[in-house]
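Colleague: When you get a sec, could you build the whole thing from the sequences and use the hints?
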Amino acid sequence: MATDGDGTTARGTATRARIIAATAGLLAAGASTEVTVSAIARAAGVYPNQITHHFGSKDRLVLDAAFTLFLRDTSRMQAAGRRVASAEAFRNLLARTALAMPSLPLVVGALATGGPERSAQLLDLLFRRSERYLARVAADRGWAAGALARDVRTFWSAAFGAALLRAAGVAGTPEDVDLASTLSVTAVR
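Just so you know, we're using the UniProt record's numbering here: the sequence shown kicks off at 1 and counts up by one.
Please keep in mind that the hints were generated in silico from the structure rather than gathered at the bench. Even for Gly, the Cβ is constructed at its ideal location relative to N, Cα and C. Don't take each hint at face value.
Cross-link-like lysine to any residue pairs, in silico, SDA-like; alpha carbons within 25 Å at most [claimed, not checked]:
| # | residue 1 | residue 2 |
| --- | --- | --- |
| 1 | Lys-58 | Pro-48 |
| 2 | Lys-58 | Gly-25 |
| 3 | Lys-58 | Val-177 |
| 4 | Lys-58 | Ala-144 |
| 5 | Lys-58 | Ala-149 |
| 6 | Lys-58 | Leu-71 |
| 7 | Lys-58 | Ala-163 |
| 8 | Lys-58 | Gly-30 |
| 9 | Lys-58 | Tyr-47 |
| 10 | Lys-58 | Ala-167 |
| 11 | Lys-58 | Pro-116 |
| 12 | Lys-58 | Ala-80 |
| 13 | Lys-58 | Val-46 |
| 14 | Lys-58 | Ala-21 |
| 15 | Lys-58 | Pro-102 |
| 16 | Lys-58 | Ser-32 |
| 17 | Lys-58 | Thr-68 |
| 18 | Lys-58 | Asp-73 |
| 19 | Lys-58 | Thr-113 |
| 20 | Lys-58 | Ala-89 |
| 21 | Lys-58 | Val-137 |
| 22 | Lys-58 | Arg-42 |
| 23 | Lys-58 | Ala-79 |
Now the in silico label distances, taken between C-beta atoms and shown as ranges [said to hold, decoys possible]:
| # | residue 1 | residue 2 | range |
| --- | --- | --- | --- |
| 24 | Gly-45 | Ala-85 | 44 to 50 Å |
| 25 | Ala-85 | Thr-154 | 22 to 28 Å |
| 26 | Ser-32 | Arg-72 | 14 to 20 Å |
| 27 | Thr-36 | Glu-88 | 43 to 49 Å |
Modeller: As structure tokens, this is what we get:
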């Protein structure tokens with residue numbers, strides 16, 4: 001049996017991808033993070049025990065699927081950021097877009113149950129990608145950027161906190177959270 005470099009079979013890798021895609025599809029279609037294993041298995045065309053085999057738990061799978069959607073949304077956010085001209089408009093666009101991403105509440109809910117080790121790995125991936133993106137945009141446009149690692153962590157922490165408050169029923173609008181001010185990207189004077 002041919003294996004990939006990490007010891008998994010090509011068929012196992014394809015099955016994992018199919019399960020994640022099916023779960024992401026269910027979440028994107030409006031299923032909550034409480035989607036059942038049987039619903040996921042039906043959507044992926046697998047047996048329920050394959051979910052446990054490949055992911056260890058449904059919560060871990062939901063976390064991976066929610067992050068798949070979330071990273072897709074952040075890619076769209078980055079594309080939108082390329083179209084603005086000023087540093088202020090850039091910061092404001094990133095803030096508005098982050099708070100409006102449909103995957104934001106999903107990923108926040110999944111982070112709470114997906115396990116600390118996997119959550120830390122995925123957050124590290126998000127932070128590294130975001131930091132590289134901000135550094136690249138600032139360099140390309142000749143903007144100044146402060147402590148990007150801190151900015152990124154503060155930005156996403158505030159966005160996740162806003163999603164938690166919204167889920168808890170706290171009334172408010174995106175203007176109540178000054179997410180744009182967490183980013184130190186500015187025009188050089």
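Colleague: Broken hints, numbered, in rising order?
Modeller: 3, 4, 5, 12, 20, 21, 23
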